[in-house]
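These protein sequences, in sequence, are chains P and D. Reminder that position 284 of the first sequence reads as 284 in this note's numbering, one-by-one numbering, no gaps. Reminder that position 216 of the second sequence reads as 216 in this note's numbering, one-by-one numbering, no gaps.
By construction, these hints were calculated from the structure, which means they are not laboratory data. From the three backbone atoms N, C-alpha and C, an ideal C-beta is built for every residue, glycine too. A portion of the hints provided could be inaccurate.
[Claimed, not checked] Which stretches of chain D does chain P cover? Using the computed rule of at least three CB atoms under 8 angstroms from a CB of chain P, they are:
no.	stretch
1	5–15
2	79–86
3	167–181
4	199–206
5	294–305
6	318–325
7	347–358
[Unchecked claim] Every beta carbon over 10 angstroms from chain D, so not counted as near; a handful from chain P, in silico:
no.	residue
8	Leu80
9	Tyr129
10	Ala224
11	Val229
One-letter residues, chain by chain:
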Amino acid sequence: MTDTRQIFHDSEADRRHRPRWYLGRVAVYGALLAWTLVCLFPIYWTITTSFKMAPDVMQGNLVPFVDYTPQWLGWRSLGLSPDTIGADSTVREQFLLRFTNSAVVALSASALALALGSLAAYGLSRFEYRFGFMKNDDISFFFLSQLILPPVVLALPFLVLYREVDLLDSRIGLILLYALTVMPIVIWIMRDQFGSIPTELEEAALVDGLSIWGAFLTIILPIALPGMVAAFILCLVLTWNEYFFAALLTSTDAVTLPVMVASQTGSQGINWWSMAALSTAAILPLIVIGIVLERYIIKGMAAGAVK
Amino acid sequence: MSGQDRLFIVTNDRVSPGRARLGGGLIWGSFALLVGVAAWQILGQTGRVADWGNWRPTLYAYCLWATCLCAAEVVRHGEQGKRRLFVMPAALFVGSMVFFPLVFGLGIAFSDWNLASPDGRRFNGFGNVVRMWSDPFYWNALGNMVWYVLAIVVEYAIALGLALLLNSQIRARKFFRVAFLLPLMLSPVAVSWMIGKSMMEARFGPISRVARWLGWDNPSFFGDPWLAKAVIMIMDAWTFIPFMMIMLLAGLQAIPRDIQEAARVDGANPWQNFWGVTFPLMLPVSLTAIMIRIIFKLKIADIIINVTSGGPGGATDSVTSFIFREYRDRSNVGYGTMLAFVYLVLIVIGFTLFIKLVSRWMRPQY
Numbered sequence: 001m002t003d004t005r006q007i008f009h010d011s012e013a014d015r016r017h018r019p020r021w022y023l024g025r026v027a028v029y030g031a032l033l034a035w036t037l038v039c040l041f042p043i044y045w046t047i048t049t050s051f052k053m054a055p056d057v058m059q060g061n062l063v064p065f066v067d068y069t070p071q072w073l074g075w076r077s078l079g080l081s082p083d084t085i086g087a088d089s090t091v092r093e094q095f096l097l098r099f100t101n102s103a104v105v106a107l108s109a110s111a112l113a114l115a116l117g118s119l120a121a122y123g124l125s126r127f128e129y130r131f132g133f134m135k136n137d138d139i140s141f142f143f144l145s146q147l148i149l150p151p152v153v154l155a156l157p158f159l160v161l162y163r164e165v166d167l168l169d170s171r172i173g174l175i176l177l178y179a180l181t182v183m184p185i186v187i188w189i190m191r192d193q194f195g196s197i198p199t200e201l202e203e204a205a206l207v208d209g210l211s212i213w214g215a216f217l218t219i220i221l222p223i224a225l226p227g228m229v230a231a232f233i234l235c236l237v238l239t240w241n242e243y244f245f246a247a248l249l250t251s252t253d254a255v256t257l258p259v260m261v262a263s264q265t266g267s268q269g270i271n272w273w274s275m276a277a278l279s280t281a282a283i284l285p286l287i288v289i290g291i292v293l294e295r296y297i298i299k300g301m302a303a304g305a306v307k
Numbered sequence: 001m002s003g004q005d006r007l008f009i010v011t012n013d014r015v016s017p018g019r020a021r022l023g024g025g026l027i028w029g030s031f032a033l034l035v036g037v038a039a040w041q042i043l044g045q046t047g048r049v050a051d052w053g054n055w056r057p058t059l060y061a062y063c064l065w066a067t068c069l070c071a072a073e074v075v076r077h078g079e080q081g082k083r084r085l086f087v088m089p090a091a092l093f094v095g096s097m098v099f100f101p102l103v104f105g106l107g108i109a110f111s112d113w114n115l116a117s118p119d120g121r122r123f124n125g126f127g128n129v130v131r132m133w134s135d136p137f138y139w140n141a142l143g144n145m146v147w148y149v150l151a152i153v154v155e156y157a158i159a160l161g162l163a164l165l166l167n168s169q170i171r172a173r174k175f176f177r178v179a180f181l182l183p184l185m186l187s188p189v190a191v192s193w194m195i196g197k198s199m200m201e202a203r204f205g206p207i208s209r210v211a212r213w214l215g216w217d218n219p220s221f222f223g224d225p226w227l228a229k230a231v232i233m234i235m236d237a238w239t240f241i242p243f244m245m246i247m248l249l250a251g252l253q254a255i256p257r258d259i260q261e262a263a264r265v266d267g268a269n270p271w272q273n274f275w276g277v278t279f280p281l282m283l284p285v286s287l288t289a290i291m292i293r294i295i296f297k298l299k300i301a302d303i304i305i306n307v308t309s310g311g312p313g314g315a316t317d318s319v320t321s322f323i324f325r326e327y328r329d330r331s332n333v334g335y336g337t338m339l340a341f342v343y344l345v346l347i348v349i350g351f352t353l354f355i356k357l358v359s360r361w362m363r364p365q366y
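Generate coordinates for the entire structure from the input sequences, incorporating the hints supplied.
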């Protein structure tokens, strides 16, 4: 017979901790799941509503296939349902025009801001400048202080200015303005990125005969690429979603997706399915980017925080 | 100058006089072209020479001048110029994109200019200031901004709580992180439809259903001034809490583990550990996050414009949405610009004070 007595016991005090530990776990996961619900339910609601019909909306049906049968009604009103996708549709053309406007403006503005901002951030992280009375810290502050500038201050003067140079309702006008608004964020993130790359790398490259620009383009840029992706995505989020300037500065040709969504909210009353489809189309690209490139976004936003 | 460079390079900085002259010629030549084109256009306005219709040619000349300025930097200063070339384009871009509108805006702010009326611009001195002084809606909007900014304290508490949760020992951390991040990716306009207009719709919205189930007979979220304000705050918080959360999470992860372990060994319970160790160490990150959040909060407009357009009775109006409607409804550029400039001045003063006040807690402590 083996001795079944345990030699080592959890003491009475330790065993009393077990229920409390489980209680703590339940509380933690309960809070996490509750907030997940808060975060995801509106998205779920919007996507499912785009497949509902009027009675489903009024009865408050929530789960597709169980409560109701999904219909293509909302997407048909955008000309994007399976049965209308082949046919010509003016609604779809309108929608696609807005969509391309948004895409072109957001991508080009982010790219422009990233290019100019990265160069400036690199220069500021490596060299001591003196432009008149401005030294490095002043130049950095000059760039970052643009964040404080509220859009309203620029909006009306730009409206008048753009009217004079015929840039109203044009993609170029929006691109320039958006690049200005996101530039501080790029410089803020990239300055930390470049600052964390040791200068020995360039020194070695310069000894081997590269020029300073050559060293920057071939050695430093590839290393800083993850940070640049992060900055680019953040810019993309801000420019894709921008509404205020777009609402003021565009009227027909260069209208972006948020303006289109906003212009429909007032007029359509209870026509929920088409609004839901439109909203879904407006948020889907960024949701996909958010899910796929989540770690870059987090890295980018973390960059400036811990300094 | 290069003595303090982080990246110290010895370069041949000697530039031949001919090259220096070429660089100078480049700058002044293109500048002369710019002045010439601008002068021609000003004359064109008066009708003495052919008018080009708009100011595009001047814009092009300005761009050419800016490019020549960058190029001349290399021609005139050689290696040193190549270094300055890193900062020059961004500085010129931001400088001109901010300088011209601000100067121009100052001119507009002191004039009575209704874009819809045929009279055009009329200088009216401090007329707009006088009008602003007795405009209850503007002061009301400024007052609302104070409430909106104060709401950040609550947002911060929630964001810190979530960051602590995500930083604790949990499974499926990545799933929760993605889920918590998603609201940040959504456009405020879409959010204002998704939540403000459909989920809170009085008859069929799911939130209204829940409210009715909880015993509120006739849920209307935008009838009562304070409730409407709170709902706007909640919607704005919903999109921006992930932003603060991620910055705070980064701060939490940067705290060295041994400090917290040392506290635990010394007998601190979790509560003491948080208030005595974690929270003080998090102060710099927290203040950075709050500061950036304030900056974004001061721009709040999209949700307000689309959900309540300022109502009921201006209870939810922010300065931005008020000026937006001032332009949209009355095309009043002059007055709107003056309001915006006053707002800017208030923000700059407020921020300077805020930074002065908190700067001694902003230094990293580990």
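*asked:* For a quick check of understanding: which of the numbered hints are violated here, in increasing order?
replied: Violated: hint 9 alone.
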